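Q: Line order of the protein sequences matches chains A and B. Each residue of the first sequence is one higher than the last, beginning at 37 in the numbering used here. Each residue of the second sequence is one higher than the last, beginning at 747 in the numbering used here.
Worth flagging that the hints you see were computed from the coordinates, not collected in a lab. Among the clues, some could well be false.
Taking CB as the label site, the calculated pair distances span [stated by the list, open to error]:
| no. | chain 1 | residue 1 | chain 2 | residue 2 | range |
| --- | --- | --- | --- | --- | --- |
| 1 | A | P435 | B | Y792 | 33 to 43 Å |
| 2 | A | G394 | B | P908 | 38 to 48 Å |
| 3 | A | H402 | B | N1002 | 33 to 43 Å |
Selected chain A positions facing chain B (Cβ under 7 Å, derived; list incomplete) [stated by the list, open to error]:
| no. | residue |
| --- | --- |
| 4 | Y82 |
| 5 | V206 |
| 6 | P213 |
| 7 | V214 |
| 8 | E231 |
| 9 | I234 |
| 10 | G317 |
| 11 | Y324 |
| 12 | F326 |
| 13 | G329 |
| 14 | K391 |
| 15 | P480 |
| 16 | C538 |
| 17 | H539 |
| 18 | L546 |
| 19 | T547 |
Computed from the model, here is a short list of chain A residues facing chain B with C-beta under 7 Å [to be verified]:
| no. | residue |
| --- | --- |
| 20 | A55 |
| 21 | L59 |
| 22 | G217 |
| 23 | G394 |
| 24 | M395 |
Since the structure is predicted, the reported quantities are computational estimates derived from the model, not experimental observations. Even glycine gets a Cβ: it sits at the ideal position worked out from N, Cα and C.
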Amino acid sequence: MVSEAIFETINRLLNTLVADSKLLNENEIYTEVSPENIKAACLNIYTNIDCVLIDLFGNDISPADKLQVYYTFAVRSSNTLITLYTNIEKADIMQLESISNEIPSAAFYEREIQDMYGLQFNAIPDSRELVHHGNFPLKVHPLRKDFKADTRLDFVKREQEFISVQGKGVFEVPVGPVHAGIIEPGHFRFSVAGEPIINLEAKLYYVHRGLEKLSENENYMKVLLFAERISGDETFTNSLAYCQAIEKLSGITYLPERALYSRVVFAELERICAHLGDISGLCVDTAYIFPAGQFAMLRRWILILCEQLTGSRFLRNSNKPGGLRRDFIRSNEKIIHECMDKLEKEFAETVTIIKNNGMFIDRVEHTGILTNEMAVDLNVVGPGGRASGIKTDVRKEFPYAAYQKLKFNIPEHSNCDVNCRMNVKIEEVQESISLIRQALEKMPEEGTVSVEIGELKPHAFAFGMTEAPRGENVHFVMTGENNTILRYKVRTPSFCNWPALCHAVKTNTLTDFPLINKSFNLSYAGNDL
Amino acid sequence: MLESILKLILQILITLLIAPFFTGVIRKMKARVQHRVGASVIQPYYDLIKLFKKDLVVSETASWIYNLAPYVYFISSVAAISCLPIVHGLTGFSFYTDLLIIVYLFVAGRIFMALAGLDTGSTFGGMGSSRELLVSALVEPALFIVIITVSARAEVASTNVPAIYEFLAGNTETAFTPMNILLSASMLMILIAESSRIPVDDPSTHLELTMVHEAMVLEYSGRHLAFIEMGSYIKQLVFMTFMANILIPVGFNVGNTFLEFGIYLVKVLVITILVGVVELNTVKFRLYSIPNFAVIALVISILGFLTGFILK
C-alpha cells in the first residue's frame, strides 16, 4: 500500500519530532507534533514529499483547554492525505510560527485562524484580518468554544486596511460590496493608473453565516443541510464530500453500486450546469448576445432535468450519508439520455460559433494571465489551475463514487488566460456528458441506492473530498458523542482561488476585470461560509 | 415666421414621440435572438413614464452642475434634432440650421454630463466621464469629415441645412454614389460609437467597470434619468436622420409630406435594424481597441471625401 509506505517515510523523516502517529481510513495519516516543532515538521514534509498544502485549520477541544491546529497535505500522486497537528495550551497570547513565507498558500488559512481562534502566527507576511470586517469588534474569536453562536455582537466602526499604491496618477477604485447585478457581496479595491490595474485587493466574508460554528454539537443529519447550503450551485458536490466523510466515520466500506453511479450522474449534471453558466457569463460580459442566451438556455435544460429527477433544480435533499434519498434515476434513464443527446449537439454547434468569432477570441485571449508559477504557489485548483498547467483532479487522484470505473480525460492547457479557462470548461462539459452516459450504461439494474449507516464512531475524524465544478473540495468532519459533529471544517475551491484572481487581473485594464472574474467564477458564499 | 415656428414645434414633437421607439426595436431584436419574447417595442416609453413618476435621489456631494446637466443634455439634443428637419416638407425654419452646430450642441451636452459624472464623487462617474470623452474625441474627426464632405459639393458649398436639403431634393439619386455609400458606412460607425452601442459600449450591461456612457449617468434617478435617456434617444435619432436624409436621400422629395414621412420612418427603421444586426454579431471591444474602430471610421470617411472630389 502506498499510503503505508508514506506513513513509514513520514515517521522516518520526522523521527524524534513525532509525538503520536496513526494511519486512519485507509489513506489518512495523522501525526502529532509539538508546537515548537510544527513548522520544521511541515517544511520537512513539504520539501521531501511531493505534496501540496490543501487545508490548515484550528479546532478548540474544550474542555481540554487546548487548541489544535491541523496542517493537511495531499500527496496527489498516491492518494494519501498527511495531516500534522499540534496541541497548544490555551492562554491569553498564543503563538505559532507562520509557514506562509515558505508555503505561500498557507497565508490565507493562517489569517483565518488568527481571526477565528485568536492564535497569533509569528512572522506572517500579512497579518491583517481576513474574516472579520470593519464592523466586527476586536478580540472576538467565534470558533472558540466559549463563544456562543447566538451572541449579539457590538456594532463598531473601524477602518479596513488596504494596501495602497502610491504615485502620481494612481487612483483607488472601490467597488462593492453591493454590486449592480444580482450577485453576492464582495468589496474590491483597485489601484489603477488610468485603466491598467496595478493592484487588486478583495475583501470578502460579507456573507459569513457561521456554518462551521452552527454545525458544532448538531446531529450529523442536520449538518448535512448546512453542507447543502454552502454554495447554491455546488449543493451536490458539497453534500457528497460531507457524506463521504460521514460514511468513513460510520465504518461503512461498501455502498451499493447504484448509489455510486447515481452520485456520478448528479455530480456531473451539476458540473455541466455550472460550466454552462460560466461560459454564458463570459459571453454576457463581452456583450455577445446570441451565445449568451444559447448557453443560458442549455443550462436551463439541465436545471429542468434535475428538477424532473429529484424535484430540486439544484439537487437539494438528494444525497444522504449512506447513499441517495431515493432511486431518482430508475425509469428516468431515457430522459437523461435524450437530454444529453440534445445538449451535446447544441453545445457543439454554439461552441463552434464562438470559437470562430475573432472579436470574441480577441477579448478572451491573453486576458487575465495567471502564470503557472503563481498558480502552483497559491495552490490554485479546478479549471483555473488546469488552465495554468496544474493537472489535478480529485476524481482521478482521490477517486470517489464510481469514478474509478469510468473513463475520462482531464483537460490540459497551459496558456493561462481567460480563453484557456473557457476551453477547459468546454472540454469538461463534453467529458461530463460522456461520464453520465457511461454511468447510466454501467449502472446495475437491481439493488438499492442506500445503506443504513448506524451510529457514528465518537471522537473520530475523517476527510471527504470531491471535485466540485470549481475544483478540489475538502471537508473535514470530527464527531462528538451521540452522532453529533464536533468540528466541521469546509475548504471550498473558492477559498484557494480568490487570491489567484487578485493576481491574474494585474496589468489588465479595469474593463477586463469582470471578464477575468467570470472566467474563475468563484463563489462568495462558498468562501465566506 | 409663424409657419416656421409651427414647423419647428411639429418637428420637435414628432421626434420626441418617435425617438424611443427605435431603441425598443433594437432591444426586441436582441431578445428574439436569445429565444426570449422580450419586452414590447414601446417599453422605452413605459420606462420614461415610470422614471418621471419616481423620486429623485441626489448625492450629498452633488453641486448645481449635477442638477442642471440632464436638462442641458436633453435640450442640446432637442436643439440638435431641430437643426435637421426629418422630412423635406418641414424645412422652412432657418434660425440656426447649420450642420456644424449639431456637433457643438452635442459637445455642450456631453461636457455637462461628464462634469456631472465627476460631480457626485462616485468612482464610476469619473471613470465613465473619462471614457466617454475619449470615445467622442476619437470619433469626432470622422464626423467632421462626413459633414464637410456633404457640404463641400460645388452646388451647395455651405453647411447650411436648408441649402443642403434644397440640393438633395433635386438630386435624390446621389444616394447611390460611391461617396455617399462610403460616408454612410462611416456614419453608421459614428452612430454606433456616439449612441453607446455594441461594440463600443454595452448599453444593457450591469457591470459598472465595463460601462462607458452608463457609468457616467449611473448616479441619476427619476426624472433626471428620464431626461438623459430621452436625450440619448434623440441624439441617436439625429445621427439616424443625418444618414436617412442627407446620405441616403432616397424618396426624399416625392411631393407628399406624409408619404415622405413614411419613407423617412422606413429608412430610419432600416438603419435601426442595421445597428441591431451589428450589435448581434459583434462583441464589445477591449477599451484600447476603440481607437482602431474610430480610425477605420475616419479612413472610410476620408475615402468618401476622396471619391467625391478627387477621383470624380
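Q: Each hint should be assessed against the structure and marked as holding or not.
A: Now for the hints, and whether the structure bears them out:
1. A:P435 - B:Y792: 33 to 43 Å: Between A:P435 and B:Y792, where Cβ atoms are some 56 Å apart, the hint is violated.
2. A:G394 - B:P908: 38 to 48 Å: Holds, at about 45 Å.
3. A:H402 - B:N1002: 33 to 43 Å: violated (57 Å)
4. Y82: violated (38 Å)
5. V206: It is violated, given that the least Cβ distance between A:V206 and chain B is near 14 Å, above 7 Å.
6. P213: Constraint on A:P213 not satisfied, violated at 13 Å.
7. V214: violated (11 Å)
8. E231: Constraint on A:E231 satisfied, holds at 6 Å.
9. I234: A:I234 check fails; min Cβ-Cβ to chain B is 15 Å, beyond 7 Å.
10. G317: violated (10 Å)
11. Y324: holds (5 Å)
12. F326: holds (5 Å)
13. G329: Given a least distance of 3 Å, the restraint on A:G329 holds.
14. K391: Result: violated, 13 Å to nearest chain B Cβ.
15. P480: violated (39 Å)
16. C538: violated (15 Å)
17. H539: Cβ of A:H539 sits 18 Å from chain B, so the hint is violated.
18. L546: Holds, because the Cβ-Cβ distance from A:L546 to chain B comes to roughly 5 Å (cut-off 7 Å).
19. T547: holds (5 Å)
20. A55: Violated. Min distance 52 Å.
21. L59: violated (50 Å)
22. G217: Constraint on A:G217 satisfied, holds at 4 Å.
23. G394: violated (9 Å)
24. M395: With a minimum Cβ separation of about 4 Å from chain B (threshold 7 Å), the hint on A:M395 holds.
When held up to the earlier numbered hints, the structure conflicts with 1, 3, 4, 5, 6, 7, 9, 10, 14, 15, 16, 17, 20, 21, 23 and fits the remainder.
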